[in-house]
Amino acid sequence: MMRSILTLFLVLIFLNASAQDNSVFIYGRVFDAENKTPLVGANIIYGRNQGSISDTKGNYSINLSPSLLNLTFQYVGYVSEVKHLNLNSGDTIQLNIGLIPAVNEIDQIVISANKVEQKLSDLTVSMTLIKAYSPGNNHISDPQELIAKTPGIEVLDGQASIRGGSGFSYGAGSRVMALIDGLPVIAADAGNIKWQFLPLENLSQIEIIKGASSVLYGSSALNGVINFRTAEAGIEPRTKFFVESGFFDQPSNKDWKWWDTPRVFTNASLSHLQKFGNTDLGIAATFAFDNGYRKLNDEKLGRFSLRLSHKSEKLEGLKYGLNLNSGMTQKIDFVLWENAITGALKHSESTATKLNGTFYAIDPFISFRRNKNTNHDLRMRLQATSNRFPDDEQTNSDAITYYTEYQLQHKLSHFATMNIGFSENYSEVLSNFYGDHQTLNLAGFSQFDMEVKKNVKLVAGVRLEQNIQDGNPDELVPIFRTGINYKLAGYTFLRASFGQGYRYPSIAEKFASTRLGTVKIYPNPDIQPESGWNSEIGIKQGLMIGSLNGMIDLAAFYSQNKNMIEYVFGQYYDPVSDSYDLGFQAWNSENSRVYGTEFEFQLNQSIGMFTNSFRGGYMFMYPVEYKKDDSETEFLKYRRKHSANLEWIIRLGKFDMGLNLYAKSKIMKIDKVFLGELTREDIMPGFYDYWLVNNKGYFLSDLVLGFRKSEQWKVSLAVKNLFNTEYMGRPGDVLPHRNISLRLSGIF
Amino acid sequence: MKKFIVSALIIAVFIAFSCKKDEESERFTLLTSISWFSDTLLANGVDASGPGQMLEKFKGEVIFNKDGSGTFGGYVGTWHFAYDETKVVLASDSLIMPLTTNIEELTKTSLKVTTSFPNFSDPENPTDIRMTFKPK
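Just so you know, the protein sequences line up as chains A and B, in that order. Sequential numbering from 22 applies to the first sequence in the numbering used here. Sequential numbering from 148 applies to the second sequence in the numbering used here.
Misleading hints may appear alongside valid ones.
The calculated lysine-lysine pairs, modelled on PhoX-like cross-linking and capped at a C-alpha distance of 25 Å, are [to be verified]:
| hint | chain 1 | residue 1 | chain 2 | residue 2 |
| --- | --- | --- | --- | --- |
| 1 | A | Lys693 | B | Lys234 |
| 2 | A | Lys541 | B | Lys234 |
| 3 | A | Lys583 | B | Lys204 |
| 4 | B | Lys213 | A | Lys583 |
| 5 | A | Lys648 | B | Lys213 |
| 6 | A | Lys693 | B | Lys204 |
| 7 | A | Lys648 | B | Lys204 |
Because the hints were derived from the structure by calculation, they are not lab data.
Here chain B stands alone, though its shape is the one from the complex (with noise of 0.2 Å):
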């Protein structure tokens, strides 16, 4: 009996430490080991950085840490990769809603995401949105 105990603890031990561990990607590597900073911050390729306008919060440092969280200018909140690493979603409780973008170039010197937001008093012409960060 006890051999019986202690052999089935001994397999269950073995199998918790057995689990393989996520291996990193490039882009993620990419994105969480630089401290970006905003570049250009477009809406409908107009700058939207200045004081009141659409894009203001997310001007400054942008950092996606390797746990989901992060801080995207003004916001602090989580991010997290979709459709096969090429969008990027970003959450945080001051944006209205999370915010998908598509990443249009992640290298070691630039991020470039572009998406498009729906404009409530005219919904047949969203925003499009044009964000670029270079290394801090």
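Only chain A is shown next, with the shape it has when bound in the complex (with noise of 0.2 Å):
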């Protein structure tokens, strides 16, 4: 309080000074553009070697002389910021700064590659980050939509392939592990991933592992692992919010055209994180109403969460605290288009079922750091799902899932540390469409972090793990990883890995047993594990050359898998009507191997008054079919060979500007069911004959501009799919045209 009368008392003297020998006063604040947090000592200069640093708060005054000059605010770690001034006699301008932090990209610390922290340049395996400010920039409220717009990743309608692992599994089963705060969110009936209820808001990070991490994640993370991180309450509160609206233009193809009111989208988000002495609290809610562009594809949305974890004052190192996620949709999922002539954009009402979805998971945690060098950590999670179909009820499903996990670590010298675990993930599952079942999954884990000689990292790690299915135990399954990091030069890296994965099939693979419109689906009780592993050797270069700071990456890879399970058409057995008849089921059907290149690079620089970020990068890929004989036979279906995206943000004083770039090459198989002449035109109408047309590839593009009226408000309008490309994704999935969308957006 007395400061604060001090720092107002001696505004005051400098203010009558001014008005006295009309000299310029300038006087503000400078802090961490992302948090908030004031920065203390960061210097403000003007001419040569003039000016003034900033106090314990991050306040600062200068008394100048009336001229034209350039105002410059620096501080250690962050991107230096410019301000060009005139300055007039007796002026008293208040400038208040936030730097954005200019860590070096390769000295960013991440957890999720080895389940302790660790910097990314000392990583053993490809690792790519989304920062926290990457949703709000590109106006992203769906997770999907930003794992999808990340190099090396794709998406078909939720199912995610990081370099070539997955296909199109028609929504059952991911290769892919989401994480939220290290712990798995996979929905315990169709073992797949429930991406709306994902976090996007108080989001720390997003790690995506690409390569095998079932050592360290278990089933599901065969292909890699995407780890949503929560941040956690920085020294000063922050309270940020957000409202979108916006709506989808006319798609390219007039004919598609099937509304006369626009199809409006709505979002809206309020998140806040505070500090209570040593408790931490977290919290957060998203609303998003989409009437979406298609016919019968609608979505009401609510998302809310709850960070809360407190440092005992009592016993030193204890911490403890609880996490909920939750979340509710009303939504109808698209399945068949109506016809390929003017239908597309209709979803075929005999595949439209309404959907109420509900999602929550409750994670109590405890971790006790004894030393420095012991750290125990004991973590739960309550996770529950439910799918209501109104008109369906006969595939109804619940799922609860119990999960716990305890990890040792321990540093066993100055060289080595051992991480050590052991998991239970208990599923029970209650459902007409699947049956009722249950599954038990006991695994142990232990890893060692060794520095080997200086400069060198070496990692291995080995997982025990056993699924026991309605009682029945499946074989105790053994997996390895192991990997080396050697630091070449100040910054740069070479690294190697080889993982093995692992992945038993999801209740929907072996159970489910439905009818989508013309579409059956089987049962197959008797599908197997599927397993592979994945090895890769790659090079990291950082950079900061002057005001140049950055890193790219260049990595090649290679992965191969046996029994992979897909849905393949064909005549099955109905158990029920003790009848053949045509549909889709699960199979162990292909040995595969994905071989290839991917390039990354983030650059960050300052030239005068422009801030530049560039992102992006490039993937070649070659997926294959392979047989006994090691002879490669056919493409895997829905794999594409190349892909590439570029992220150019542009900051200039108040205004920004965002231009995202995507290019993808064409899909080089699909089920036959969709090109076979017996089957095609009853499955999906017209589809044929588009696909031989427009199955080429597509090049996007996103523009994003802002203006901040103020460092705490900002305004932006976002055009996606700028030049209106028809794409699709699996069949029938045409994605969306252009839409607009304008966004106020606040941080307090």
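Taking the hints as your guide, dock the two standalone chains into a single complex.
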């Protein structure tokens, strides 16, 4: 209080002095643009080494002569900002400056790769980071859209594929594990990712591991991991919000337009982070209403999350708390179109089914850091999902999962750390659709991180896992991984890794039995687990040249899988009706290999008053089936050879602009049923002819323009799919055409 | 430290080698140990093995390899058991789609399978298929 009065007093003295001698008075505050924390000791420079520094609250003040000058705000680890000022005598100017962290990209701290905090440069595997500001900057409220726009990843109707590891399997099973703060959020019934319930509010960052990660994360991490990490409260409270509304333009094929009133969507979000003594609170809520650009494909969504943690005053190193993530949705998922001529944006009524879905995950946790060398972590998750189909109650399902994980991290010596843990994952599914089933997964894992020699880091791990379904134990499965990282020079890191993966079939793949319009799904209780391995070599080069800061990464990868589970259209036996009919069934159909290269980069640079940020990548892959004699036969289904993207953000004073470019080559193979003469018109009218002409790959661009009215308020306009490109994901899934949205956001 | 790592490696290797291997069932052994040859190929009770007929390409030698690959007359593809080894599913790139058949009889001297294939021009009246094979 005294300090504030003193500051005010000083300001008044300066004001008085400036009024008397016609000088100019500039004052304000320097702070971290992301979390509003004051920056103590920031340099405010003008002329030749003249200036001031900020105090313990980030406040500064300068008395100047009237002139035209550049005022530079500098702070170690942050991007400098220059203000060009035309000062007239007697002016009093308040300048509050939020500096953007300029952490060297390769020094960023990540946790997912080895379940310990590490620098990105020290990893033995490829990892892509999505920063907390990315969803907001790009008007993205759907986590699925955010991940789909990441280099090296394809998401086909909710099914994520990292480096071609997956195709499209009609929404059942996932070879990519989704995590919230390190705990799995795969649905127990369909084994898929419930994207709409993953949090983008109060986000710290999203870490994506590219490659087999089953040793630490178990079944479903066969192809990689996407970890949504939520933020902790900073020193100062932070409240963020946005409201956004937009509409879909006309499709480029005018015959497809079916609506008379605009198809609009609205999103709103409010989040707050605050420390109360030793207690951290994070709370967030999001609402989304989407009319849908397709007929019978609308959605209403609500998402709520709470993060509560407390550091014990009595016992140093003890921390405990509770996280909650929850959501509700009312929607109609798109399955098949009506026809290609006028009905590509109309959901076939035969497959349109209303769904009321709920989800919640409650995560109590306790951790104890006994000393600098030992850390105990006990974390639990109670996750429940409910799918209610008001018009088709036969397909209702409820699933509940109890997950517990204990992890001990112990520093054995100054060069070696041991990480051991145990986990159990018990799921119960109650459904007419799947039948009633219980699955228990028990696992133990152990991993060692060693600095075997100066600049050489080694990691080796093993996991033992057993699945017990409906009381029937599967065999005990051992999985291994190892990797090495060598610091070749100051900012140059070489890496190599090998990891095995394993995935137990989901309940949907084993037991789902239903009919979606003309499409019938058959159970396959004999389906076997799929397994594989992945290896890569890579080089990461950090860049710190003048005002340029960033990294480039080049990797060559090779993965091989056997018994891959895929849905295959065929003539199958239906045990319920004791008859044979056509439909889809999960099969262990493919032995596959995917090899290729991936290039990624992130560059930040300040030139004068411009701040530029470039991020992007290119991936080439060759995905093929192979036979026992090692001969390669055909391309894998639903894969593309080439994909590339570029994100460019430029800031100038109160204005910023983001331009995102995406390019993907054609899909090389799809299910025969969509192309076969006997079946194609019954399944999806007009698709065959459409596919022959239009499966050529695509180029997309998004443009976002922003204006910061102040440090707190921002207005932005986004035009997604700027050139109104017509493009398709999985067969029949025409993806959004041009849409325009306006967003008002604030941070306090 | 060294002892710990060595112990961990020994345990891992032991576990890897102690995993039990699948034992072959009697049906699996019977099906895979014999080279079969087509005997009768009937569609709706009528021979359909003639030129241009529905089951023409099933005519000839039929081999079920232990690794899941197989030759079914003129088709080269894969096979697997289903429903507690009461059905066998045949797949081939040359077949329009995978075919599930019911194993009516499997002995050292005879293999008889039946199925019902949808009739696209008349969905209400599928084609009943019956195929018998003898050891070659």
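The hints, checked one at a time:
no.: 1; hint: A:Lys693 - B:Lys234; result: holds (23 Å)
no.: 2; hint: A:Lys541 - B:Lys234; result: holds (19 Å)
no.: 3; hint: A:Lys583 - B:Lys204; result: violated (29 Å)
no.: 4; hint: B:Lys213 - A:Lys583; result: holds (16 Å)
no.: 5; hint: A:Lys648 - B:Lys213; result: holds (14 Å)
no.: 6; hint: A:Lys693 - B:Lys204; result: holds (20 Å)
no.: 7; hint: A:Lys648 - B:Lys204; result: holds (23 Å)
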